[in-house]
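Participant: Chain residues, written in single-letter form:
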Amino acid sequence: DAGITQSPRHKVTETGTPVTLRCHQTENHRYMYWYRQDPEHGLRLIHYSYGVKDTDKGEVSDGYSVSRSKTEDFLLTLESATSSQTSVYFCAISESGHLTFGSGTRLTVV
Amino acid sequence: GENVEQHPSTLSVQEGDSAVIKCTYSDSASNYFPWYKQELGKGPQLIIDIRSNVGEKKDQRIAVTLNKTAKHFSLHITETQPEDSAVYFCAAMGRVVNKYIFGTGTRLKVLA
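If you read the protein sequences in the order shown, they are chains A and B. Everything in the first sequence is counted per this note's numbering, starting at 7 for the first residue and increasing by one. Everything in the second sequence is counted per this note's numbering, starting at 27 for the first residue and increasing by one.
The set of hints was computed from the structure by calculation and includes no laboratory data. Every residue, glycine too, gets a C-beta built ideally from N, C-alpha and C. Incorrect hints may have been included.
Simulated crosslink set (BS3-like; lysine-lysine; CA at most 25 Å straight-line) [claimed, not checked]:
#1 B:K48 to B:K63
#2 B:K48 to B:K94
#3 A:K17 to B:K68
#4 B:K94 to B:K135
#5 A:K63 to B:K125
#6 B:K135 to B:K125
#7 B:K48 to A:K76
#8 A:K76 to A:K59
#9 B:K48 to B:K97
#10 B:K48 to B:K135
#11 B:K125 to A:K59
Each pair of labels, with its calculated beta carbon distance range [stated by the list, open to error]:
#12 A:G57 to B:R121: 16 to 26 Å
#13 B:Q71 to A:T83: 25 to 35 Å
#14 B:Q40 to A:T32: 41 to 51 Å
#15 B:N57 to A:R36: 33 to 43 Å
Isolated chain A, as found in the complex (with noise of 0.2 Å):
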């Protein structure tokens, strides 16, 4: 299993703050991922990365911005947070043709 480690695990916060939500891998894996997950729509790609400073949309992208400065992490940053990003995000890397995806971080927007 690669390492993902997802950071806070969990975060409560106020509308009109930034936010920014880290992800780190041990396994020097190319591809990363953030994937938001909501009880009407499943899990839903918000970006994604495809090496260092190569990054693309994903079907969610607005608010969010993302930034790979190092193989190793990729951060998520909510540029300024409103209730409807109150969610559970979810890191993933691709390992071996399939994801493996990290614990989360649940979000709260107050």
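The hints should help you fit chain B onto chain A, whose structure is shown.
Facilitator: Using the frame of chain A, we list chain B on its own:
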């Protein structure tokens, strides 16, 4: 855009019965179809996958079938057990390599 539809959203079966979850994809170029199981409080985990050059794949009590013409694929769980209770997601990898689109999930409850 690319889309994956999954049905049903919830499914209850008696222990020992079979469960079937169905997905339909829109992108005819899709060539890889994984299934994930998510237990409470955890990230999804791969349980089985199938590629477009194969029509069926089995692994003990679970199997996946693929109909490329109809653009649908299904997960079959036989002899269900309480520990099979979880949320199951289907996914498809489309035209963009390593870009996966997920279905909306099926909550399976196995009743003892």
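Participant: Are the hints correct? Go through all of them and say.
Facilitator: Okay, the hints, checked on the actual structure:
1. For the given pair, B:K48 sits about 14 Å from B:K63 by alpha-carbon distance, which is consistent with the 25 Å threshold.
2. Straight-line distance between C-alpha atoms of B:K48 and B:K94 comes to about 13 Å, which keeps the hinted pair within the 25 Å bound.
3. Proximity of A:K17 to B:K68 is assessed by CA-CA distance (about 17 Å); at most 25 Å being required, the pair is judged to hold.
4. Taking the CA atoms of B:K94 and B:K135, the gap is about 29 Å. The hint is violated against a cut of 25 Å.
5. Taking the CA atoms of A:K63 and B:K125, the gap is near 10 Å; set against the 25 Å cutoff, the hint holds.
6. Taken as a hint, the B:K135 and B:K125 pair is broken in the structure, with Cα atoms around 30 Å apart against an allowance of 25 Å.
7. A threshold of 25 Å between alpha carbons decides the hint, and for B:K48 with A:K76 the separation of about 39 Å lies outside it, so the pair is violated.
8. With a C-alpha separation of about 8 Å, the suggested pair A:K76 and A:K59 falls inside the 25 Å cut-off, and the hint holds.
9. At roughly 11 Å between alpha-carbon atoms, B:K48 and B:K97 fall within 25 Å of each other, so this suggested pair holds.
10. The straight-line distance between the Cα atoms of B:K48 and B:K135 is roughly 16 Å, inside the 25 Å bound, and the hint therefore holds.
11. Distance hint between B:K125 and A:K59 is fulfilled; the C-alpha atoms sit about 17 Å from each other, no more than 25 Å.
12. The hinted window of 16 to 26 Å between A:G57 and B:R121 holds, with their beta carbons roughly 19 Å apart.
13. The hinted window of 25 to 35 Å between B:Q71 and A:T83 holds, with their beta carbons roughly 27 Å apart.
14. Range check, B:Q40 to A:T32: about 43 Å between beta-carbon atoms, so the 41 to 51 Å window is met.
15. Distance hint for B:N57 and A:R36: a CB-CB separation of about 19 Å, inconsistent with the stated range 33 to 43 Å.
Hint violations for this structure: numbers 4, 6, 7, 15, all remaining hints satisfied.
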